[in-house]
Every structure is written in C-alpha cells, then in structure tokens.
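**Q** Input sequences plus hints: build the corresponding full structure.
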Amino acid sequence: MALIPSFFGNRRSSVFDPFSFDVWDPFKDFLSPSSLTTQSPETSAFANTRIDWKETPEAHVFKADLPGLKKEEVKVEIEDDRVLQISGERKIEKEDKIDTWHRVERSSGKFSRRFRLPENVKMDQVKAAMENGVLTVTVPKVEVKKPDVKSIAISG
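Count along the sequence shown from 1, then add 30; that gives the number in the working numbering.
It cannot be assumed that every hint is accurate.
Pairs of lysine to aspartate or glutamate, DMTMM-like flavour, derived with a Cα cap of 25 Å [as the list claims (entries may be wrong)]:
id, residue 1, residue 2
1, LYS93, ASP129
2, LYS140, GLU109
3, LYS105, ASP178
4, LYS101, GLU123
5, LYS157, GLU123
6, LYS105, GLU88
7, LYS105, GLU149
8, LYS140, GLU161
9, LYS84, GLU109
Rather than coming from a laboratory, the hints here were simulated on the basis of the structure. Predicted model only: the values in this text are computed from it and were never measured.
**A** This is how it looks when you write it as structure tokens:
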C-alpha cells in the first residue's frame, strides 16, 4: 500500500515509480471496527465466529454457528470471574499434490470468543449442546425471590 493512492487501480507496474513500494501507513484502518478488536494472529482467521446472546427470564442463551465442526473440536469454559469462553479450531484440509484448487473460501484456524456474564448466573449449572453445526450454551439465572407482601389491617 502506498501513502498516495494510485489512480490506475493500484497497479505496481514500474520499479521506478517512487509510490509503488509498500510503505507503512500508520493511519491504515485507523478506528475501523477491525482495528478496535484485539486479536492474536492465530485467532484472526476464524475470529469472526458469529455468536448470538439472548437473555430469557430463566437463562442467558448463547448460540454460535460452527458449521463443519464436531463437538470434540469446540471447548466451552467458565472462569471464576464469570467469563464464558468459547473456543476451538478448524483444521486445514489435507492437500493432495495431484489436486488443483480453483477456489478456497472456507476459513480455517483457531477461534476464541469471551463474554463477561452478569452476577445473576448459576455458574455451576451451565449446559452446552451441539446440533447441526450450532453450539447452544445455556447459563441459568439465579431465581429472583419476590418479596412477600403482607397486608396490614388498618384499625380505626
């Protein structure tokens, strides 16, 4: 990438063009959504794993689309400070030397997502299930005890 954009489709055609060499641009992706997330290189390939988090009256429910992964390739952990971590790895397909690849669009690599849970969860009763490439993690909530209301008769 050059500091001055090319008006000819970013072609690097001449070795004598002083703007054709890659130069570090400190403002590249400045404040873009991808620059605001801290991802290690080993998680960057598969880090955009989409996870939905909904809260019902009974529990917090997380759903992650993990197509092609087996439950043995996914790990669900809860840390003491109420952090839910969902991680795993999609292995690269073995490549035969006689195969000719025309397109490779499926991502591979490690992924890891972390969520801080609220204080009203039962951390010892978390359940996880995997069905048709969708991981569902259910974190039950502590039952909120409704205060007992007692009517007081008014004399007089």
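**Q** For a C-alpha distance cap of 25 Å, please report whether LYS140 and GLU161 respect it.
**A** 20 Å, holds
**Q** Can the restraint linking LYS84 and GLU109 be considered satisfied, given a maximum Cα separation of 25 Å?
**A** 20 Å, holds
**Q** Hint check: LYS140 vs GLU109, CA-CA at most 25 Å. Holds or violated?
**A** Distance of about 20 Å is within 25 Å: holds.
**Q** LYS105 and GLU149 were given as a pair; does the straight-line alpha-carbon distance stay at or below 25 Å?
**A** Cα-Cα ~23 Å, so holds.
**Q** Is it true that the CA of LYS105 sits at most 25 Å from the CA of ASP178?
**A** 42 Å, violated
**Q** Hinted pair, alpha-carbon criterion (25 Å max): LYS105, GLU88. Please report holds or violated.
**A** 24 Å, holds
**Q** If you draw a straight line from the CA of LYS93 to the CA of ASP129, is it 25 Å or shorter?
**A** Given that 25 Å is the threshold and the Cα spacing comes to 36 Å, the pair is violated.
**Q** LYS157 and GLU123 were given as a pair; does the straight-line alpha-carbon distance stay at or below 25 Å?
**A** 30 Å, violated
**Q** LYS101 and GLU123: Cα distance at most 25 Å?
**A** Roughly 18 Å between the alpha carbons, so the hint for LYS101 and GLU123 holds.
The earlier numbered hints that this structure contradicts are 1, 3 and 5.
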